[in-house]
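**Q** So that you can map any letter, position 10 of the sequence shown is 10 in our numbering, and since no number is skipped, the others follow by simple counting.
Everything labelled a hint here was simulated from the structure, so no lab data went into it.
Since we're looking at a predicted model, the values are computed, not measured.
One should not assume that every hint holds.
[Unchecked claim] Cut-off 20 Å, straight-line C-alpha distance, at most; resulting in silico cross-link-like pairs (DMTMM-like, lysine to aspartate or glutamate):
| hint | residue 1 | residue 2 |
| --- | --- | --- |
| 1 | K385 | D395 |
| 2 | K201 | E245 |
| 3 | K54 | E156 |
| 4 | K318 | E300 |
| 5 | K448 | E417 |
[As the list claims (entries may be wrong)] Pair ranges (Cβ atoms, derived):
| hint | residue 1 | residue 2 | range |
| --- | --- | --- | --- |
| 6 | P180 | N223 | 30 to 36 Å |
| 7 | R301 | V233 | 38 to 44 Å |
| 8 | R399 | L276 | 52 to 58 Å |
Even for Gly, the Cβ is constructed at its ideal location relative to N, Cα and C.
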Amino acid sequence: MKKSIILIFGFLLSNLGLQAQNTYEGNIIFSSQRVVRKGGILNIEAVMDLSNMKLSAQQMATLTPVIVSNDGVESHQFAPIIIAGKKRFKILNRSQAFGTATLSAEPMYTERRCNDKLQTIDLYLRVPYQKWMHEARLVIKEKVTGCIDCDSGQDEYTVMASILNELFIPKYELSYVVPPVEPLKQRTETHSAFLNFEVDKYVLLRNYKNNINVLTEIDRIVNEIQHDPNLTVTEFTVVGYASPEGNFNSNMALSKNRAFAFVDYLKDKLNVNESLLTVEWKGEDWNGLSKVVAESSIPERQAVLDILDNTPEVILRKQKLKTLNGGITYKFLLREYYPSLRRNDYSISYVARPFNVEEARTLIKTKPQYLSLNEMFLVAETYPKNSKEFKEVFDVAARVYPDNPIAQLNTASLELENGAVNVAIERLMKLDVPEAWNNLGVAYVMNKDYQKGKEYFEKAAEAGVKTAVYNAGQLTKWLETQE
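Assemble the whole structure, with the sequences as input and the hints as a guide.
**A** Below, the structure is given as structure tokens:
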């Protein structure tokens, strides 16, 4: 049994001064060692087995535990442990009772040794933690008195070669989610055509005002999609709008006729399949006006919005706008904002074919909208995790899929890895998915808000995120070692 203790723990005090008759003989075995650092306190526990120790009636062994730093510079000495023979123990008790004891320090324990009997002492050492205690030794300084040839000096024995090994450094894991494969990559692109028409007319003239530039851009967009072998167009929708000046019914008809004029251009000039075309007209675009005013900084901004929001009758609404601020505001609206409301919005829906990784690596730089999130993720995995290319893929994913929680989550994970903690927190707070809670836990720990970090780890763990269980354990273990 003694041998197994030596092999497993290496904490044997052996050959403690084997002497002739009437001297201290035998061994003390230290077992069941346990070292725990909790908060700012270091606790050391062990069992001292005195069973092989022999002391004469007059002898006394003073055992002083000392923590010594690895370089020998720092140390902490505990109160001594007194082991005494029968007569010496009585003398010690008597002197302590009468206050005449001559011991150099108040002992931690005073124990009478009963030779040839099993005898143990539970050792508890408690000391404020200091960093030098890592890799420090626990030694016992032993002095035996009470015999002629055993008062020569003090011996020192190592009980623990390293009471604390290396400092615990927590390692937290971020959640990256592999996006699911998208069976059918249905996409829709929406554009606006700000075409100019003669007053109250709907004939589309290519060379009228700026139309040639507008139509050139439309030609480019439509032809590019229609002739891309990677795409199959499934629908083409045109919606006509008018600005809200003049007669309501006339504007409704005008938006219809100008929408059909644009459709005719798409069919006749760009060969858009008529069966794919859907035409709508909305008349006066009050919603569009409200939006541009809300985003503006004009002095009467709130007054205009109040009229738009609280005057359901169109005729009365127009009258209020015209008379606001003596008509100055209306003239500004008519000049600056109304032209953009006269337009045709057109949406092209198509299906993109699946792409392999090599194809996707090229497309992500030119046509990222053709790729699924899964295809983008596979591209990212072809680059080193800390590379510029890896980061760029996730930036593109977040931009192309601003409302997709997986895209935002993965981008936030990358931001955390790059140290952009507050940016990541702002992104993650908008997501209501368990993996985001785990990453918020990491983010708050990085910001040294350990309580919030713990709360988010626990929330994610309750939702079944295994990484959060691991992270919570890392945080708990680290907190236990802090002052």
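**Q** May I ask you to test the hint 38 to 44 Å on the CB atoms belonging to R301 and V233?
**A** 41 Å, holds
**Q** Going straight from one Cα to the other, do K201 and E245 come out at no more than 20 Å?
**A** 15 Å, holds
**Q** For the range 30 to 36 Å, tell me whether the beta carbons of P180 and N223 fit it or not.
**A** Taking Cβ atoms as reference, P180 and N223 lie about 33 Å apart, which means the hint holds.
**Q** Compare the distance between the alpha carbons of K318 and E300 with 20 Å, and conclude whether the hinted pair is satisfied.
**A** The given pair, whose Cα atoms are some 15 Å apart, holds under the 20 Å limit.
**Q** What's the verdict on K385 and D395, does the C-alpha distance respect the 20 Å limit or exceed it?
**A** 14 Å, holds
**Q** Against the 20 Å threshold, does the CA-CA distance of K448 and E417 hold or violate the hint?
**A** 16 Å, holds
**Q** Is the straight-line distance between the alpha-carbon of K54 and that of E156 20 Å or less?
**A** 19 Å, holds
**Q** Honestly, do R399 and L276 meet the 52 to 58 Å range at C-beta?
**A** 28 Å, violated
Violated hint: 8 only; the structure is consistent with all others.
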